[in-house]
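> Here are the chains, one letter per residue:
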Amino acid sequence: MKKLIVFITALLIILPVGVLFYKSQVLKLSLVPQMVDDVWNFHMTVRPKGDVNSFAFPIPKAGPGQKVTDEKIRSREFEVFVDSNSDSILATWSSKQLMKGRISYSARIDLKAISYKNIPKDYAVTYPKGLEKYLKVPKLLDEDEEAIKLLETAILEGSEDKTTLIRKIYYYVEEEIQRNTDIKTIHETLNTGKGSPLIKAKLFNIMARRKGIPSRIVVMVRMPELKKIKEGAKLRFTFANEVFLANKWIPIDTNRGYFGERPDNFMLIHRNYEEVEKLISKKKVSYSIQAERARINRYNKAEFKKEVIKTDSIFSKISLYRLPLPLQTMFTTILLIPLGTLFLSFARNIIGIPTFGIFTPILLTLFFKETSFGFGMLFFFVVIVIGIGERYILDKFYLLAVPRLSIILTLIIMLMLGYSFYSVEMASISQKHLAFFPIVIVTTLIERLSIELAEEGVLNTLKTLLGTLVIVLLVYTMFFAPVLEMFMFTNPELLLVVIGLQILIGKYKGYRISEFIRFRDLVRQKKKMESLPHDLP
Amino acid sequence: MIFHDLKKMGILGINNRVGRYILRHNKRENYPLVDNKVLTAERAEAWGIATPENYLIVENYGSLKHLHLKLLNFESFVIKPAKGSQGNGIIVIKEIIKEEKNGEIRVLCRRSNDKLMDVEEVKHHISGILSGLYSLSGQSDTAIIQAKIDKHPIFDDYSYGGIPDIRVIVYEGFPVMSMVRLPTKNSDGKANLHQGAIGAGLNLSNGFTNNAVIRNQVIDVHPDTGHKLSGLRLPFWREILELSARCYDMVELGYLGADIVLTPDHGPILLELNARPGLGIQIANLDGLVPRLEKIRLEAPKNLMAKERVDYSMSNF
Numbered sequence: 001m002k003k004l005i006v007f008i009t010a011l012l013i014i015l016p017v018g019v020l021f022y023k024s025q026v027l028k029l030s031l032v033p034q035m036v037d038d039v040w041n042f043h044m045t046v047r048p049k050g051d052v053n054s055f056a057f058p059i060p061k062a063g064p065g066q067k068v069t070d071e072k073i074r075s076r077e078f079e080v081f082v083d084s085n086s087d088s089i090l091a092t093w094s095s096k097q098l099m100k101g102r103i104s105y106s107a108r109i110d111l112k113a114i115s116y117k118n119i120p121k122d123y124a125v126t127y128p129k130g131l132e133k134y135l136k137v138p139k140l141l142d143e144d145e146e147a148i149k150l151l152e153t154a155i156l157e158g159s160e161d162k163t164t165l166i167r168k169i170y171y172y173v174e175e176e177i178q179r180n181t182d183i184k185t186i187h188e189t190l191n192t193g194k195g196s197p198l199i200k201a202k203l204f205n206i207m208a209r210r211k212g213i214p215s216r217i218v219v220m221v222r223m224p225e226l227k228k229i230k231e232g233a234k235l236r237f238t239f240a241n242e243v244f245l246a247n248k249w250i251p252i253d254t255n256r257g258y259f260g261e262r263p264d265n266f267m268l269i270h271r272n273y274e275e276v277e278k279l280i281s282k283k284k285v286s287y288s289i290q291a292e293r294a295r296i297n298r299y300n301k302a303e304f305k306k307e308v309i310k311t312d313s314i315f316s317k318i319s320l321y322r323l324p325l326p327l328q329t330m331f332t333t334i335l336l337i338p339l340g341t342l343f344l345s346f347a348r349n350i351i352g353i354p355t356f357g358i359f360t361p362i363l364l365t366l367f368f369k370e371t372s373f374g375f376g377m378l379f380f381f382v383v384i385v386i387g388i389g390e391r392y393i394l395d396k397f398y399l400l401a402v403p404r405l406s407i408i409l410t411l412i413i414m415l416m417l418g419y420s421f422y423s424v425e426m427a428s429i430s431q432k433h434l435a436f437f438p439i440v441i442v443t444t445l446i447e448r449l450s451i452e453l454a455e456e457g458v459l460n461t462l463k464t465l466l467g468t469l470v471i472v473l474l475v476y477t478m479f480f481a482p483v484l485e486m487f488m489f490t491n492p493e494l495l496l497v498v499i500g501l502q503i504l505i506g507k508y509k510g511y512r513i514s515e516f517i518r519f520r521d522l523v524r525q526k527k528k529m530e531s532l533p534h535d536l537p
Numbered sequence: 001m002i003f004h005d006l007k008k009m010g011i012l013g014i015n016n017r018v019g020r021y022i023l024r025h026n027k028r029e030n031y032p033l034v035d036n037k038v039l040t041a042e043r044a045e046a047w048g049i050a051t052p053e054n055y056l057i058v059e060n061y062g063s064l065k066h067l068h069l070k071l072l073n074f075e076s077f078v079i080k081p082a083k084g085s086q087g088n089g090i091i092v093i094k095e096i097i098k099e100e101k102n103g104e105i106r107v108l109c110r111r112s113n114d115k116l117m118d119v120e121e122v123k124h125h126i127s128g129i130l131s132g133l134y135s136l137s138g139q140s141d142t143a144i145i146q147a148k149i150d151k152h153p154i155f156d157d158y159s160y161g162g163i164p165d166i167r168v169i170v171y172e173g174f175p176v177m178s179m180v181r182l183p184t185k186n187s188d189g190k191a192n193l194h195q196g197a198i199g200a201g202l203n204l205s206n207g208f209t210n211n212a213v214i215r216n217q218v219i220d221v222h223p224d225t226g227h228k229l230s231g232l233r234l235p236f237w238r239e240i241l242e243l244s245a246r247c248y249d250m251v252e253l254g255y256l257g258a259d260i261v262l263t264p265d266h267g268p269i270l271l272e273l274n275a276r277p278g279l280g281i282q283i284a285n286l287d288g289l290v291p292r293l294e295k296i297r298l299e300a301p302k303n304l305m306a307k308e309r310v311d312y313s314m315s316n317f
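Chains A and B, in that order, give the protein sequences. For what it's worth, the numbering used here labels the leading residue of the first sequence as 1, then goes sequentially. For what it's worth, the numbering used here labels the leading residue of the second sequence as 1, then goes sequentially.
It should be emphasised that the hints constitute simulated quantities derived from the structure, not laboratory data. Cβ coordinates follow ideal geometry from the N, Cα and C atoms, glycine included. Keep in mind that a hint or two might mislead.
To be verified - Simulated crosslink set (DSSO-like; lysine-lysine; CA at most 30 Å straight-line):
| no. | chain 1 | residue 1 | chain 2 | residue 2 |
| --- | --- | --- | --- | --- |
| 1 | B | Lys295 | A | Lys509 |
| 2 | A | Lys528 | B | Lys295 |
| 3 | B | Lys302 | A | Lys507 |
| 4 | B | Lys70 | B | Lys101 |
| 5 | A | Lys49 | A | Lys72 |
| 6 | B | Lys27 | A | Lys2 |
| 7 | A | Lys283 | A | Lys301 |
| 8 | A | Lys507 | B | Lys295 |
| 9 | A | Lys507 | B | Lys8 |
| 10 | B | Lys295 | A | Lys526 |
| 11 | B | Lys7 | A | Lys3 |
| 12 | A | Lys507 | A | Lys463 |
| 13 | B | Lys228 | A | Lys526 |
| 14 | A | Lys527 | B | Lys295 |
| 15 | B | Lys228 | A | Lys528 |
| 16 | A | Lys149 | A | Lys129 |
Unchecked claim - Computed Cβ-Cβ distance ranges for the label pairs, DEER-style:
| no. | chain 1 | residue 1 | chain 2 | residue 2 | range |
| --- | --- | --- | --- | --- | --- |
| 17 | B | Ala300 | A | Lys2 | 18 to 28 Å |
| 18 | A | Lys2 | B | Tyr31 | 18 to 28 Å |
| 19 | B | His194 | A | Val483 | 17 to 27 Å |
| 20 | A | Lys3 | B | His4 | 21 to 31 Å |
| 21 | B | Met117 | A | Pro482 | 53 to 63 Å |
| 22 | A | Val483 | B | His4 | 30 to 40 Å |
| 23 | B | His266 | A | Lys3 | 51 to 61 Å |
| 24 | B | Leu64 | A | Lys2 | 39 to 49 Å |
| 25 | A | Lys2 | B | Arg233 | 38 to 48 Å |
| 26 | A | Lys3 | B | Glu53 | 47 to 57 Å |
| 27 | A | Pro482 | B | Pro32 | 40 to 50 Å |
| 28 | B | Phe3 | A | Val470 | 18 to 28 Å |
| 29 | A | Val470 | B | Glu99 | 43 to 53 Å |
| 30 | A | Val458 | B | Pro32 | 23 to 33 Å |
With these hints in hand, go ahead and build the complete structure from the sequences.
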């Protein structure tokens with residue numbers, strides 16, 4: 001018998017772990033779906049200065065490392081015209097009257113870092129026609145022309161391929177030109193060795209084009225750090241470069257020191273500064289930009305479903321990801337219940353924490369999870385107060401137990417009605433088809449509470465309540481690790497492991513932690529007695 | 001390390017009690033015999049085991065209507081739920097007072113703590129019992145109106161309020177450990193260890209107290225009477241052990257707690273049985289159950305009569 005139990009337990013634990021191993025090592029499946037990157041909610045308002053009845057402004061466009069969704073650009077007051085070339089988008093707002101007020105643009109933007117390592121040497125001589133505008137060298141003062149020529153002989157001598165040239169220009173502008181926001185012309189920069197971010201980008205641009213390398217200045221927004229989001233920081237435009245090397249536009253940032261890469265906190269708003277220079281000038285418009293992180297759909301279930309189906313193994317047929325979405329949502333929650341009961345078994349049988357009923361703590365936790373922590377706690381305490389209060393008030397009426405409990409239940413429903421008038425949580429419960437959930441929980445809770453109060457007295461009941469609350473809090477924290485939820489949903493065979501572990505807990509015959517406390521005095525007394533000298537017969 | 005100490009002293013823990021003794025030796029189908037006091041009483045009568053006399057069994061709300069008239073027949077009584085546990089829901093009425101005012105008869109009950117209860121309150125309490133407020137699982141229940149037992153004079157100095165009772169743990173029919181529970185003011189006159197009654201361990205060989213505790217604290221004297229607790233020797237000791245040993249034959253539960261009271265006139269009688277007796281008895285005795293249980297499991301001869309099993313226990317423990 002004992003051997004059989006050991007065998008079954010071992011099987012229950014090893015089998016799913018083996019399956020897990022097979023899935024990850026042989027089928028190369030990930031154990032949880034990939035995280036969807038944090039997305040930004042981007043918001044921009046622009047107000048034209050002066051009397052105009054139309055104006056244009058750049059808006060972000062999708063491209064490498066940048067996805068734009070949920071754009072909101074239309075407005076009731078103005079007509080909007082969107083002009084999209086291959087690299088950038090200009091939106092034009094117009095109105096029959098003079099424009100008053102501001103326009104607003106918002107979008108959800110998904111940013112990924114891009115990085116080009118080992119850019120091959122580039123000896124290109126001719127470029128497609130579309131790139132010609134990126135080769136035009138702006139007219140400079142003779143004096144500056146001379147200065148740049150000197151510079152070129154000093155730093156670029158002996159380099160043949162364009163990749164190496166760009167690298168050298170980058171090093172020069174990045175390291176030798178000090179950042180100074182007061183210096184705003186090429187002339188000053190060449191004389192002082194200092195320059196504003198825009199001027200550094202301009203200088204780099206000129207030097208690249210002079211060497212026949214297509215180059216442009218890009219207009220970016222640097223997304224705020226977490227701390228600054230909270231402060232609601234206003235964002236500004238900032239500048240960097242892109243050069244066309246080895247048939248790709250390579251990002252270069254001489255201000256922040258990135259060569260061939262762009263971190264995921266920079267969003268491109270326009271890829272050719274020359275085109276929008278006037279449009280974004282502060283003389284023409286005033287604008288304000290805000291961005292904050294939006295966490296939605298943290299796991300990419302859709303991608304994972306494809307991944308599973310592609311393996312063409314048995315798992316592609318029995319994966320929970322094939323279920324309709326509402327069922328999936330339901331099961332993600334339901335699959336947490338066995339984990340909760342596992343924890344409960346441990347807490348009750350190994351630690352010895354008293355709880356209300358057996359599964360009430362788990363039901364309560366689910367209720368907390370489905371609504372919100374604050375609401376759950378409030379509900380819990382109100383129920384407790386009503387439960388205890390009824391013993392003192394309804395007791396006087398000499399009512400039979402069933403009608404009495406029914407009255408409490410009705411009171412709870414009235415409470416829910418009252419609360420629903422100013423609460424969103426209530427709405428969210430009914431949306432999840434869980435409207436009956438609180439009622440079921442309250443029924444079990446009140447019944448237990450009533451019995452417990454009669455049998456154990458108020459003090460012991462409060463102790464049990466505290467135990468229940470501790471379990472609820474711990475399981476609640478556990479339930480809130482999204483990885484756990486996804487892990488169980490992705491690998492439901494782990495339920496067998498749960499059964500295996502439950503058998504182990506069920507077979508545990510050792511002391512509970514609480515018994516150390518209970519028998520502590522016994523041990524002490526006994527030791528004391530044994531240490532006394534024994535009377536001789 | 002306390003874990004090691006507990007093990008060395010052979011303290012029985014809850015998990016071990018349930019897993020190794022209760023689940024192994026107690027068949028679920030026999031539980032109703034001990035969980036329901038009406039069934040216990042019926043079975044005990046058939047086996048010639050003395051129990052308190054049941055005056056009335058109240059099974060439905062309808063019979064509550066004329067209950068007060070029936071109650072007038074008794075001088076005193078106890079109301080208890082048939083499926084109750086730990087003494088919950090028990091009310092002891094020591095006197096019935098009949099008052100006549102303006103031709104209306106009013107019945108008052110004086111409780112053991114001298115509080116007066118209107119008969120309507122008594123009825124309400126009984127209806128609470130019927131609806132299952134005090135039953136083990138919360139299911140509907142039966143109320144028992146039972147003869148009130150008087151205190152044996154030996155306990156006069158050792159008890160405050162209610163009646164002390166004697167708990168004997170019986171394993172495979174062998175008494176293995178015993179204690180007497182002495183009510184205190186703190187326990188509200190109830191013989192309930194959780195509420196603060198004294199638990200005094202008893203030597204199985206002679207019925208002498210060996211140690212006494214309130215909750216976890218060792219005490220020497222009764223806190224209310226000031227009487228020294230050591231040196232109390234229970235009369236009818238052998239009868240008490242035999243009675244408890246016979247309960248094994250009666251309900252066929254291998255691990256069992258028998259609660260016995262001493263009556264002034266009839267000696268020991270069985271009050272109730274418990275299929276999941278508590279572990280506090282070890283604290284009262286300052287000793288662990290495991291060595292005794294294991295000795296019986298491994299060494300004691302099988303198929304003995306109750307008397308022989310008591311002999312074995314008295315000479316071994």
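> With a cut-off of 30 Å on the C-alpha distance, tell me whether Lys302/B and Lys507/A pass.
With Cα atoms ~28 Å apart, Lys302/B and Lys507/A stay inside 30 Å; holds.
> Taking only the CA atoms, is the gap from Lys295/B to Lys526/A under or equal to 30 Å?
OK: Lys295/B and Lys526/A at ~21 Å, within 30 Å.
> That 38 to 48 Å hint for Lys2/A and Arg233/B (C-beta), does it hold up?
45 Å, holds
> Can the suggested window of 18 to 28 Å be confirmed for the beta-carbon pair Ala300/B and Lys2/A?
For Lys2/A against Ala300/B, whose Cβ atoms are near 24 Å apart, the range 18 to 28 Å holds.
> Does the Cβ distance between Lys3/A and Glu53/B fall inside 47 to 57 Å?
53 Å, holds
> Do the Cβ positions of Val458/A and Pro32/B conform to the proposed distance bound of 23 to 33 Å?
31 Å, holds
> When you check the alpha-carbon spacing of Lys507/A and Lys463/A, does it fall within 30 Å?
At roughly 27 Å apart (the allowed maximum being 30 Å), Lys463/A and Lys507/A satisfy the hint.
> So if I understand the rule, the pair passes when the alpha-carbon distance is 30 Å or less; does Lys228/B with Lys526/A pass?
Roughly 20 Å between the alpha carbons, so the hint for Lys228/B and Lys526/A holds.
> Below or equal to 30 Å on CA atoms is what counts here, so check Lys528/A against Lys295/B.
At roughly 26 Å apart (the allowed maximum being 30 Å), Lys295/B and Lys528/A satisfy the hint.
> So if I understand the rule, the pair passes when the alpha-carbon distance is 30 Å or less; does Lys27/B with Lys2/A pass?
The hint holds at about 20 Å.
> Val483/A and His4/B, beta-carbon distance inside 30 to 40 Å?
39 Å, holds
> Would you mind confirming whether the straight-line C-alpha gap from Lys507/A to Lys8/B stays at or under 30 Å?
Roughly 21 Å between the alpha carbons, so the hint for Lys507/A and Lys8/B holds.
Checked against the numbered hints given earlier, the structure breaks hints 7, 19 and 24 and satisfies all the rest.
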